[in-house]
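Enquirer: What follows is each chain in one-letter form.
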Amino acid sequence: MKVSDIVDKFNLEVFSGKSGLDREVKGGYVSDLLSDVMGNSREGQIWITLQTHKNVMAIASLKDLAAVILVKGFKPNDDTAEQSEIEGVPVLGTKENTFEMSGKLFQYLTNNEII
Amino acid sequence: MKLFKADLHTHTVLSPCGDLEMSPLNIVQQAKNKGVDILGITDHNTTKNCKALEEVAEKHDLFILKGAEVNTKEEVHCLAFFEKDDELFEFQQYIDIHLPKIKNDIKKFGYQVVVDQNENIIEQVDWLLISALDVTIEQIEEKVHELNGLFIPAHIDRSRYSVISQLGFVPNDLNFDALELSKFIAKNKFLQENNYLADYTFIQSSDAHFVDNIGEITTSFLMQERSFIEIRKALKSENHRKVLVNE
Numbered sequence: 001m002k003v004s005d006i007v008d009k010f011n012l013e014v015f016s017g018k019s020g021l022d023r024e025v026k027g028g029y030v031s032d033l034l035s036d037v038m039g040n041s042r043e044g045q046i047w048i049t050l051q052t053h054k055n056v057m058a059i060a061s062l063k064d065l066a067a068v069i070l071v072k073g074f075k076p077n078d079d080t081a082e083q084s085e086i087e088g089v090p091v092l093g094t095k096e097n098t099f100e101m102s103g104k105l106f107q108y109l110t111n112n113e114i115i
Numbered sequence: 001m002k003l004f005k006a007d008l009h010t011h012t013v014l015s016p017c018g019d020l021e022m023s024p025l026n027i028v029q030q031a032k033n034k035g036v037d038i039l040g041i042t043d044h045n046t047t048k049n050c051k052a053l054e055e056v057a058e059k060h061d062l063f064i065l066k067g068a069e070v071n072t073k074e075e076v077h078c079l080a081f082f083e084k085d086d087e088l089f090e091f092q093q094y095i096d097i098h099l100p101k102i103k104n105d106i107k108k109f110g111y112q113v114v115v116d117q118n119e120n121i122i123e124q125v126d127w128l129l130i131s132a133l134d135v136t137i138e139q140i141e142e143k144v145h146e147l148n149g150l151f152i153p154a155h156i157d158r159s160r161y162s163v164i165s166q167l168g169f170v171p172n173d174l175n176f177d178a179l180e181l182s183k184f185i186a187k188n189k190f191l192q193e194n195n196y197l198a199d200y201t202f203i204q205s206s207d208a209h210f211v212d213n214i215g216e217i218t219t220s221f222l223m224q225e226r227s228f229i230e231i232r233k234a235l236k237s238e239n240h241r242k243v244l245v246n247e
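First to last, the protein sequences are chains R and U.
With the working numbering as the guide, the letters of the first sequence map in order to residues 1 to 115.
With the working numbering as the guide, the letters of the second sequence map in order to residues 1 to 247.
Please keep in mind that the hints were generated in silico from the structure rather than gathered at the bench.
Beta carbons are placed, not taken as given, at the ideal position from N, Cα and C, and that holds for glycine.
Nothing false has been slipped in among the hints.
Across the chosen pairs, the derived CB separations fall in these ranges:
| id | chain 1 | residue 1 | chain 2 | residue 2 | range |
| --- | --- | --- | --- | --- | --- |
| 1 | R | 78 | U | 97 | 15 to 25 Å |
| 2 | R | 11 | U | 107 | 41 to 51 Å |
| 3 | R | 32 | U | 127 | 17 to 27 Å |
| 4 | R | 78 | U | 196 | 20 to 30 Å |
| 5 | U | 185 | R | 32 | 20 to 30 Å |
| 6 | U | 222 | R | 32 | 32 to 42 Å |
| 7 | R | 86 | U | 20 | 45 to 55 Å |
| 8 | R | 10 | U | 84 | 46 to 56 Å |
Cross-link-like lysine to any residue pairs, in silico, SDA-like; alpha carbons within 20 Å at most:
| id | chain 1 | residue 1 | chain 2 | residue 2 |
| --- | --- | --- | --- | --- |
| 9 | R | 72 | U | 131 |
| 10 | R | 72 | U | 136 |
| 11 | R | 63 | U | 194 |
| 12 | R | 9 | R | 104 |
| 13 | U | 187 | U | 242 |
Far from chain R, by Cβ distances over 10 Å, these chain U residues were calculated:
| id | residue |
| --- | --- |
| 14 | 84 |
| 15 | 100 |
| 16 | 108 |
| 17 | 110 |
| 18 | 117 |
| 19 | 195 |
| 20 | 238 |
| 21 | 246 |
Work out the full structure: start from the sequences and follow the hints.
Expert: Written as structure tokens, this is what we have:
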């Protein structure tokens, strides 16, 4: 499953990092503490968060995550979007909150036997 | 040059979590008992008790560094200090604009009272002061420096409300004047795991919420005299001035 499949399925906004839309999705991770994501996320996961700081991209790239979904209509900071372009890790957006987005993504990935 | 003992992070009765015994006189007396020469007043998202502290401290030969402990949008706690009253006042107005208007529940969070030097309550702050401001760490840093202030990310070793817990690591382009460690870790131990920060100036402070905690840990400033300008120079290690924490 590709990031672009998730974008289409949930009608997500693509803020930046379009070149990474064909990245392989292997799961999901939810946290707003970047220290926690740095320690516990795994390669290929989609990260759902409300943090919009540039460090989000540094960690997404370091951990080789598939993409980042910002919840509740939040937009990436300008330098976050710039970094996402450079790294080729998409920053996506939804109007939904973390609970709703995570529940739907979890179900979708389960139904498709990704997790 | 002289060595001055500084505890730059203390709360007063105005912080909801600050003990009611944290009145100006009690704070100043305890600081003096602990041999503190410079005391930073840093309530959560407010500067309003700095004046009373300064008035009491003047009579007891204690230098007050006036400021606040702000909570950024990312929920990173940072210390901000100002030299002049008009700068402090302008920063207070900035906080007032950016603090979410959530009513304080006294039973859950505690009292938030502004006092005068004689411990008379002159204002009870309605809005919960421990909320996060709606501006980023970089925006607040810019505002502090625009007002000629000092900006110091607080207790960066902690697993809650620190730049490292919230943002994973200290952003490499963040413009700060020093980094603060809590009393729970020694600098050399911290640097073993965070070697990328080895070249920066560190302070260490008590983050006292209770009278007994004031001055529990301090930072030494080697400088000419106690003034905002000298403190800034010491943080920058200018002209042989220095800031020392226990290794």
